[in-house]
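In order, the protein sequences belong to chains A and B. For the first sequence, the numbering used here assigns the number 228 to the initial residue and increments by one for each residue that follows. For the second sequence, the numbering used here assigns the number 228 to the initial residue and increments by one for each residue that follows.
Keep in mind that the hints are not guaranteed to be accurate.
Because identical chains cannot be distinguished in the list, a pair is counted as satisfied if it fits within a single copy or across any two copies.
Said to hold, decoys possible - Listed next, the in silico EDC-like pairs over lysine to aspartate or glutamate satisfying Cα-Cα at most 16 angstroms (straight line):
#1 K384 to D442
#2 K369 to E332
#3 K258 to D354
#4 K510 to E535
#5 K384 to D280
#6 K528 to E516
#7 K439 to E352
#8 K258 to E348
#9 K467 to E352
#10 K259 to D354
#11 K439 to E525
#12 K232 to D340
#13 K513 to E366
#14 K320 to E538
#15 K467 to D540
#16 K259 to E351
#17 K344 to D254
#18 K344 to D354
#19 K510 to E395
#20 K439 to E418
#21 K510 to D495
#22 K522 to E477
#23 K232 to E366
#24 K439 to E516
Note that these hints are calculated values from the structure, not bench results.
2 protein chains.
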Amino acid sequence: MSEDKISMNHGAGGEVMANLISSAVLDNITKKSVNGGISLDALDDGATIPIGDYEIVVTTDGHTIDPLFFPGGDIGRISAAGTINDVSVMGAKPLAISNAIIMQEGFPIADLDRIMKSLNETCEEVDVAVITGDTKVMEQGKIDGIVMVTTGIGIAKKGEIVRDSTLEVGDKIIVTGSLGDHGMSLMSFREGFGFETDLKSDTAPMWNVVKKALDVGGVTAMKDPTRGGFANAINEMASKSGKGVLLHQEAIPIKKEVHAVSEMLGIDPFEVANEGKVVMGVKADKAEEVLEAIKTEEYGKDAAIIGEVIEGDYVVVETPIGGERILEAPIADPVPRVC
Amino acid sequence: MSEDKISMNHGAGGEVMANLISSAVLDNITKKSVNGGISLDALDDGATIPIGDYEIVVTTDGHTIDPLFFPGGDIGRISAAGTINDVSVMGAKPLAISNAIIMQEGFPIADLDRIMKSLNETCEEVDVAVITGDTKVMEQGKIDGIVMVTTGIGIAKKGEIVRDSTLEVGDKIIVTGSLGDHGMSLMSFREGFGFETDLKSDTAPMWNVVKKALDVGGVTAMKDPTRGGFANAINEMASKSGKGVLLHQEAIPIKKEVHAVSEMLGIDPFEVANEGKVVMGVKADKAEEVLEAIKTEEYGKDAAIIGEVIEGDYVVVETPIGGERILEAPIADPVPRVC
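Here chain A stands alone, though its shape is the one from the complex (with noise of 0.2 angstroms):
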């Protein structure tokens, strides 16, 4: 190993941290998959478990955001969200989740049962269940504040399990909503611009949406773009499916507020973190059809085409006036952890 201690890139969504997970994590696991199903190594959103008709769907997330209550979202909602989409993006629908809870002696309660309220409206949404949990409390000193790992445990009929490695040369891209605005609206509270900017996160569980579109059919493959953004997200799909894509940069739905705040940091909103969007490849003849499903939602109304699958091995933004510009998943964590 060229590294003898964890560093902040380890955690950042990028190539440094797939590179560890690999070394430390991966290699050293032996069964990593339950009856074929999509096993560990697979780093999809999640794995599943055949059973039966169905394909159980199991992901985790570990949530250790700062601050832990921010613009149109808190620790509790982003934790629900987050595992709801992940479960969702697998094709599947999310039943359940299960939610530990680690905090600091001395934690408000207030902010705490806050949390909790904020977690089962995330739930409620989508008719998900908490059905177990685990509560841990740690000495002032060993941690700050509250960070909190929640599992998702969805169903599918065997053979509807949605991959983000299937992309086919011809599928349009979907993306369910304006990019960015997560991350960007994180950044810019943290920058001391407050709530007084009326950007906010975007954090919302996708399953209504999800469902959607595959009541309609035609979706290929899927991805949240979480950490890393849209940019890892993309790329993941690219080059998992050994596919290249094109985008077509003025139908990339961003915000106003989020191109301004974007340019006063310097930060790309395409590598900052969604946690209420989904990428999806579309059957080009369906993609209209699930476009107008989709927009009939009110997570998916500013939906929109923005580019197709192509033969290549790279992601290509094209503009306006005919420039191409290759988008590159980020290397490293653009900015402070937002997710």
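Go by the hints and put chain B onto chain A.
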């Protein structure tokens, strides 16, 4: 609420904690079960989701131990074993775990490697897969060392789930081995006896032992005596079942070294955690057969019948000279966190 900040007692597995969980967590959750499965409210070792002819068992545990490495185990072994055991005592075959790692910047990669190898070896003993996970890194000062949260997924045929609340009068109580080894060895290690005593943690995956008992039949209730120790487990089983328990002190296996450390430190071995033990209620006419089956397994070789279920509201310990004392559940943690 009578207090406005979380104290260490809130995380200690006793009554103070039960009250906190109830008000800040349970009361805020609307939907606590899926398809009529075992719910969050049951506060059993896990929850269940009925699917077709099966019940899926889901359990979650956060591991915040100090030290990370100790005689007989480490945070990797305890994370895997603890979760495997929570699934097993529900009467379900453990299939897979997910593993979320939260660690500080600067954490030694060699330690992470050692922890993951240990977690893997523990899973291998009972053929459990590690199917998904998450890795987060926090800045120095935000977390001390490493915390792991594991979720276990198991499966049982419908109707075969075992609860912790279904003891019946006349059932024999079996423990699968000596009590107090884990907690007392950690206390001893922390007090500076180091690795020099023979005492070590019992941390082990108990599925093979549990399976032997289930194959014989007659198991009415199970629980693993972790946080709060045997005193907490047996009281929880008794009170949830609405029964009393009569224990025979001389029949309860406790190692000499555990007794010695217990007297030196003034800590009750019944109140400290075990990480490789199961407490069972077994129908009287099956108890001897279950005991013999368990004893064929390495982790069950010191198993014993230690008492029986009676009418009543208390857990009573009968001494060899005919005296009786009530064994109460610890109100708060008698010792620093060791599980």
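Verification of the hints:
Only within a single protomer do K384 and D442 lie at most 16 angstroms apart by alpha-carbon distance; the minimum there is 13 angstroms, versus 31 angstroms between protomers. Taking the shortest alpha-carbon separations for K369 and E332, both the intra-copy value of 9 angstroms and the inter-copy value of 14 angstroms come in at or below 16 angstroms. In this homomeric assembly, K258 and D354 come within 16 angstroms of each other (Cα to Cα) only across copies, at 8 angstroms, whereas the closest approach inside a single copy is 33 angstroms. Taking identical chains as interchangeable, the C-alpha atoms of K510 and E535 lie at most 16 angstroms apart only when both belong to the same chain, with a minimum of 10 angstroms there against 65 angstroms between chains.
Within a single copy, K384 and D280 get their C-alpha atoms as close as 6 angstroms, and across copies as close as 15 angstroms, so both meet the 16 angstroms cut-off. Taking CA atoms no more than 16 angstroms apart as the test, K528 paired with E516 passes inside one copy only; the shortest distance there is 14 angstroms, against 64 angstroms between copies. In this homomeric assembly, K439 and E352 come within 16 angstroms of each other (Cα to Cα) only inside a single copy, at 15 angstroms, whereas the closest approach across copies is 44 angstroms. For the homomeric pair K258 and E348, the shortest alpha-carbon distance between copies (10 angstroms) is at most 16 angstroms, but the shortest distance inside one copy (37 angstroms) is not.
In this homomeric assembly, K467 and E352 never come within 16 angstroms of each other (Cα to Cα): the closest approach is 32 angstroms inside a single copy and 33 angstroms across copies. In this homomeric assembly, K259 and D354 come within 16 angstroms of each other (Cα to Cα) only across copies, at 11 angstroms, whereas the closest approach inside a single copy is 30 angstroms. Within a single copy, K439 and E525 get their C-alpha atoms as close as 12 angstroms, which meets the 16 angstroms cut-off; across copies the closest is 53 angstroms, which misses it. Taking CA atoms no more than 16 angstroms apart as the test, K232 paired with D340 passes between copies only; the shortest distance there is 11 angstroms, against 36 angstroms inside one copy.
When the C-alpha separation of K513 and E366 is checked against a cutoff of 16 angstroms, the pair qualifies neither within a copy, at 55 angstroms, nor between copies, at 46 angstroms. For the homomeric pair K320 and E538, neither the shortest alpha-carbon distance inside one copy (32 angstroms) nor that between copies (45 angstroms) is at most 16 angstroms. For the homomeric pair K467 and D540, the shortest alpha-carbon distance inside one copy (10 angstroms) is at most 16 angstroms, but the shortest distance between copies (60 angstroms) is not. Taking the shortest alpha-carbon separations for K259 and E351, only the inter-copy value of 11 angstroms comes in at or below 16 angstroms, while the best intra-copy value is 32 angstroms.
For the homomeric pair K344 and D254, the shortest alpha-carbon distance between copies (9 angstroms) is at most 16 angstroms, but the shortest distance inside one copy (39 angstroms) is not. Taking the closest pair of Cα atoms, K344 and D354 come within 16 angstroms of each other only inside a single copy of the chain (15 angstroms); across copies the shortest separation is 38 angstroms, beyond that limit. With identical chains, the CA atoms of K510 and E395 are at most 16 angstroms apart within one copy only, with a shortest distance of 8 angstroms there and 59 angstroms across copies. Proximity of K439 to E418 under the C-alpha cut-off of 16 angstroms is found in neither arrangement, the shortest distances being 37 angstroms within a copy and 60 angstroms between copies.
In this homomeric assembly, K510 and D495 never come within 16 angstroms of each other (Cα to Cα): the closest approach is 29 angstroms inside a single copy and 66 angstroms across copies. For the identical chains of this complex, K522 and E477 are neighbours neither inside a copy (19 angstroms) nor across copies (71 angstroms), given an alpha-carbon limit of 16 angstroms. In the homo-oligomer, the alpha carbons of K232 and E366 lie at most 16 angstroms apart only across protomers (13 angstroms), although the nearest pairing inside one protomer, at 24 angstroms, exceeds that limit. In this assembly of identical chains, the alpha carbons of K439 and E516 lie at most 16 angstroms apart only when taken from the same copy (10 angstroms versus 55 angstroms across copies).
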